[in-house]
Amino acid sequence: MRDVSFDIQRGEIFGLVGESGSGKSTVVQAILRTLTPPAIITGGEILLSGKDILSMSHREVLQFRWQEISIVMQSALNALNPVLSIHKQISDVLYTHRGLSKDQADKRIRELFDLVDISYDRLDSFPHELSGGMRQRVVLAIALALMPPVIIMDEPTTALDVIVERDILFKVLELRKKLGFTILFITHDLNLLLEFADRLAVMLNGQVIETGDVAQIGSGGQHAYTKKLIGALPSAGGKRKKDLLPQPKSLNFGEKPLLEVQSLNKDFVLSGFLRPKLLHAVKDVSFEVFPGEIVGLVGESGSGKSTIARLIARLIPPTSGAIRLDGVNILKSERTTASLEYRQKVQMIFQDPFGSLNSVHTVFHHLARPLIRHRLVPKSDLYKYIIDILESVELSPGALFADKFPHEMSGGERQRVAIARVLSLQPEIIVADEPTSMLDVSIRLDILKILANLRIKKNVAILFITHDLASARYLADRIIVLQKGSQVEHGYSEALIQAPQHMYTKQLIAAASPGWLSSKISDCK
Amino acid sequence: MTNSIKYLLRRLGFYTIAAWAALTLNFFIPRLMPGDPASIIFARFRGKLKPEAMDALREVFGLTDGPLIEQYLTYLKHLLQGELGISIAYFPQPVGSIISTALLWTIFLAGLSLVISFAIGTLLGTIIAWKRGGKLDSFLPPALAFFGAFPYFWLAMVFLFVFGFGLGWFPIRHAYGDMVTPGFNLAFIMDALYHAFLPALTMILVSIGGWMLSMRNTMITTLGADYISFAYAKGLSSRKIMVKYAARNAILPNFTGFGMALGFILSGALLTEIIFSYPGQGYLLLEAVRAQDFPLMQGLFMTITLAVLGANWLVDIAILFLDPRTRR
Amino acid sequence: MATRFNDSVLVRWVKGILGNRKALTGSLLVILFVAIALIGPYFTYDPTAFLGTPISPPSFDHWFGTTGQGQDVLAQTISGARQTLLIGFCTGFFVILIGALIGGISGYYGGRVDDILSMLINVFLVMPGLPLMVILASWLPPGPLTLIGVLVLTGWAWNARVIRSQMMSYRGRDFVSAAIVSGERNIRIILIEIMPRMLSLLASSFIGASIYAIGAQVGLEFLGLGDVSAITWGTNLYWASNDLALLTGSWWTFVPTGLSIALVSFGLTLVNFGIDEVTNPRLISERKWRKHLPKSRLNNGITPVVRNND
Chain A
1 MRDVSFDIQR
11 GEIFGLVGES
21 GSGKSTVVQA
31 ILRTLTPPAI
41 ITGGEILLSG
51 KDILSMSHRE
61 VLQFRWQEIS
71 IVMQSALNAL
81 NPVLSIHKQI
91 SDVLYTHRGL
101 SKDQADKRIR
111 ELFDLVDISY
121 DRLDSFPHEL
131 SGGMRQRVVL
141 AIALALMPPV
151 IIMDEPTTAL
161 DVIVERDILF
171 KVLELRKKLG
181 FTILFITHDL
191 NLLLEFADRL
201 AVMLNGQVIE
211 TGDVAQIGSG
221 GQHAYTKKLI
231 GALPSAGGKR
241 KKDLLPQPKS
251 LNFGEKPLLE
261 VQSLNKDFVL
271 SGFLRPKLLH
281 AVKDVSFEVF
291 PGEIVGLVGE
301 SGSGKSTIAR
311 LIARLIPPTS
321 GAIRLDGVNI
331 LKSERTTASL
341 EYRQKVQMIF
351 QDPFGSLNSV
361 HTVFHHLARP
371 LIRHRLVPKS
381 DLYKYIIDIL
391 ESVELSPGAL
401 FADKFPHEMS
411 GGERQRVAIA
421 RVLSLQPEII
431 VADEPTSMLD
441 VSIRLDILKI
451 LANLRIKKNV
461 AILFITHDLA
471 SARYLADRII
481 VLQKGSQVEH
491 GYSEALIQAP
501 QHMYTKQLIA
511 AASPGWLSSK
521 ISDCK
Chain B
1 MTNSIKYLLR
11 RLGFYTIAAW
21 AALTLNFFIP
31 RLMPGDPASI
41 IFARFRGKLK
51 PEAMDALREV
61 FGLTDGPLIE
71 QYLTYLKHLL
81 QGELGISIAY
91 FPQPVGSIIS
101 TALLWTIFLA
111 GLSLVISFAI
121 GTLLGTIIAW
131 KRGGKLDSFL
141 PPALAFFGAF
151 PYFWLAMVFL
161 FVFGFGLGWF
171 PIRHAYGDMV
181 TPGFNLAFIM
191 DALYHAFLPA
201 LTMILVSIGG
211 WMLSMRNTMI
221 TTLGADYISF
231 AYAKGLSSRK
241 IMVKYAARNA
251 ILPNFTGFGM
261 ALGFILSGAL
271 LTEIIFSYPG
281 QGYLLLEAVR
291 AQDFPLMQGL
301 FMTITLAVLG
311 ANWLVDIAIL
321 FLDPRTRR
Chain C
1 MATRFNDSVL
11 VRWVKGILGN
21 RKALTGSLLV
31 ILFVAIALIG
41 PYFTYDPTAF
51 LGTPISPPSF
61 DHWFGTTGQG
71 QDVLAQTISG
81 ARQTLLIGFC
91 TGFFVILIGA
101 LIGGISGYYG
111 GRVDDILSML
121 INVFLVMPGL
131 PLMVILASWL
141 PPGPLTLIGV
151 LVLTGWAWNA
161 RVIRSQMMSY
171 RGRDFVSAAI
181 VSGERNIRII
191 LIEIMPRMLS
201 LLASSFIGAS
211 IYAIGAQVGL
221 EFLGLGDVSA
231 ITWGTNLYWA
241 SNDLALLTGS
251 WWTFVPTGLS
261 IALVSFGLTL
271 VNFGIDEVTN
281 PRLISERKWR
291 KHLPKSRLNN
301 GITPVVRNND
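Residue numbers (the working numbering), protein chains in the order written: chain A, 1 to 525; chain B, 1 to 328; chain C, 1 to 310.
Bear in mind the hints are in silico, worked out from the structure with no lab data behind them. Remember, it's a predicted structure, so these values are computed and weren't measured experimentally. Don't take each hint at face value.
To be verified - Taking lysine to aspartate or glutamate and the DMTMM-like style, the derived pairs with C-alpha atoms no more than 25 Å apart in a straight line are:
#, chain 1, residue 1, chain 2, residue 2
1, B, Lys-135, C, Asp-174
2, A, Lys-345, A, Asp-381
3, B, Lys-240, A, Glu-60
4, A, Lys-88, A, Asp-114
5, A, Lys-404, C, Asp-115
6, B, Lys-240, A, Asp-103
7, B, Lys-135, C, Glu-184
8, A, Lys-345, C, Glu-184
9, A, Lys-277, C, Asp-115
10, B, Lys-6, C, Asp-115
11, A, Lys-484, A, Glu-255
Claimed, not checked - Reference listing, derived: stretches of chain C covered by chain A, where coverage requires no fewer than 3 residues with Cβ under 8 Å from a Cβ of chain A:
#, segment
12, 61 to 67
13, 72 to 86
We treat Cβ as the ideally placed atom computed from N, Cα and C, and that holds for glycine.
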């Protein structure tokens, strides 16, 4: 982190935006002086109400923490001590800083629970017994315990579903209005901040490259990087941005579907010794994908979309239903193991670019193995074929990348390798399971462009699975919306976005469109 | 809480299966060896044992002429009744009574050493992990690892030689001297501790390195967790974080390791006893081997196995109390 | 197929390990003893010959003195290394083989297979080793094969369990799913994709198993269950004890052997420490960079502020 400066006014909501590696989390830890060795602070001042945190004594720092400034961390489960009850984790701040008696502490905790809407019977629960949303509210309650003037929120909702995320943010804003604290909000999601922040700072590679108020930044700001961040965000509602992604000449994909899923069901047995519980992950789902078509499967976590991906890729067997490829029900014709032919025609791209590559092997190995297995290319032509494929996904020079190991590449490069691997087998359909969720915002569009181009050039169908309605809107021809394992709506992308029929679809669109905050406020009225 | 009871019962069920497996193994081993077990025994003790004794021996082993299944069931029946047969080395004492006194001494010595070793080792590991990079951290782990590399009994020999024979500071054998009467009186207890000192010291020195290292490693891993930085951010004091947040979590995997290491530690205890002529299971085992006393050997195998399984179950109970995640 | 042979998995891994100070020291120690075991016996007296006066302390003629029977202790210590180390490493090897086989299959295939094999592993794990070993060894004819067999039978379960859990964790990862989707056969996935990532685990398991084997072997032989006519470290101690070393004060009959055992085990342990540190760099003692900071500012959970003018 170098030369970072910004100031926050009392009572405002200040946003700090940056992608991974930008240094935004480091700033937070520096403010609280909780950076772990071997980090040291080598210069500067951090002033809170005139007092410099960096020149405080040991005891002063301990007092300062939590009373003057508290923090809500990203993953609530990780922030909570698994072996202590919720009650104890709130009360220890109360005992340490305020020296309250047990009764006083109890009273205070109940007040806090009221503020964040948790019922008292959860007092003695342990973190693992609560749901994700509840845990986040507990962490919020702890942050409010001493009513500090400043609260830092470090990516508090990144891991949550869009609708839950909006609910929690709304709650936070409500509380702020009531209690009047200042918020420093850290996130990589610029869209979010444009809704409710007052001023913003953008960080890149450990430095602050731009600061300004929301209107300024929202219209593109001054720095090229800011412009790039703004431009990379398609939204789910409102007018369609023209020419964001390359489109095919016609939307007529023929009469015969390439892939047909019929009444697909998948149940998981949860551990339970005498009476095992069933989780119905996929309930009676049916749809078709035509050759060269891109179909978007949209849903939140728990919607079953990833399960469907794994079912079609034949990583897990379905509980019932049919999967037809080119008209043949492969669950009948190749019941126990998928045939080599199937494995060539149906390919998959995974969510985590690093996880889907094997860290001990080179890019060349990753691409060569499947080709050798399927005997698609004679050994003599192997090297050239691989170089060509790499260059076709913009990994140039191919020869340089062929020798690299996964850890020597960036996230975007790794995902491109995954696409190359999939491409090399010349499949008929690619199942892309959230291919951009773990990538930085600024490169997501690049990957989507590659997929769009692929479809046009090679006429390969894509089943695009995502929770991000906006990217589905632009990439996919048709969209299917899933909720808790069932289909709730489907239709052509733009038509669905402009005129959604089902309540859930409407909610999703609203949550991902600008103006969700004001619409929520008006909902409450 | 019924979830916890279900969990404990499930573990008990597992231990029962393990015990059954051990029993069955015990039954089959003599029968799998080349030669007929009956004739081996007879050959060894011909002339030394009266015919009735021979018959009794046969009974215990189920070495009757019936089909295998019948022999097996007889064998199980005897075991469940506590009938372990008659010792050959200590003829005509029944195996059961010989073992029971020895068992107490072993539990006393091994239990004492284990608890002290675990407690001190864990404490040291916590302190070392806390003061990362201190002088202790560079000196203790290799030093204790070196001690841990010695075979238990060898270190026992050295201590016995130096402190027992050489300097005469400690007694060189047995669990208590001739001058005290057994019972719950202070003199006896003090004498027992005096006699147990060297063997316990040996066992503690050899095993402490392992506990310390494993606690250090789990602490280091735990200290990297988010809830620790969150605890710091809350302004809690270092000491409180070390105890309530870090150590409390880090000790859990060590407890599970504790259970699994019990069998291993017991082996070390047995060998140490032999050197010190301490009248525990180990000493008996040696006698049994020397005298080819099969009933005694098999009886010892049974009791030791059951003791270890029982101790494992106790550890499971302890973990239930310490880790709320197992109570789901 | 890898175009960068110098960076093949094995080579990179070995380089990484040898770069670690502890691992290097430990390896040298072990190699020293292996060398002594292989070459040493050619340079010493015949360990079985009754050469000198019994129980004489170290002298110019007999550097480590003589045993209760008048045999040269140095010769016995050096000769003993061969069999002990051989059996130790062989056992280690077989333990890993069986452990990897059972643990690997159990972890990879899951389901019914895993249920059965897991139960098997757990049962063997929980049974106490020494008594079982004693019983087996006393029924079986004494000798190296018995020892290896007994040691492997009692020792395989620990490693199997560790390997199984590592295998299970890899099995669920995306790179395995990706390999499956691209049509790779299961055996190939296990051998070419997963095993290379388990190198550290397999190496440290082998070392751990060898340490265990050496110790247990010595223990059994000490009890008289090995072949007492053979020259091994364990039988050396058996005879020393039998010849009443403690009573006669002839410490030289058991100290050299014990020290040798300790040094080899310690060396192996060091290598394992090194492997741990390479796999989890956080374990490395932070001595080096801490030297640069004033003592008072460490370890209280507060980031130190060191300005350029301090």
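* Asked: Checking against the hints above, which ones are violated?
  -> 1, 5, 7, 11, 12 and 13
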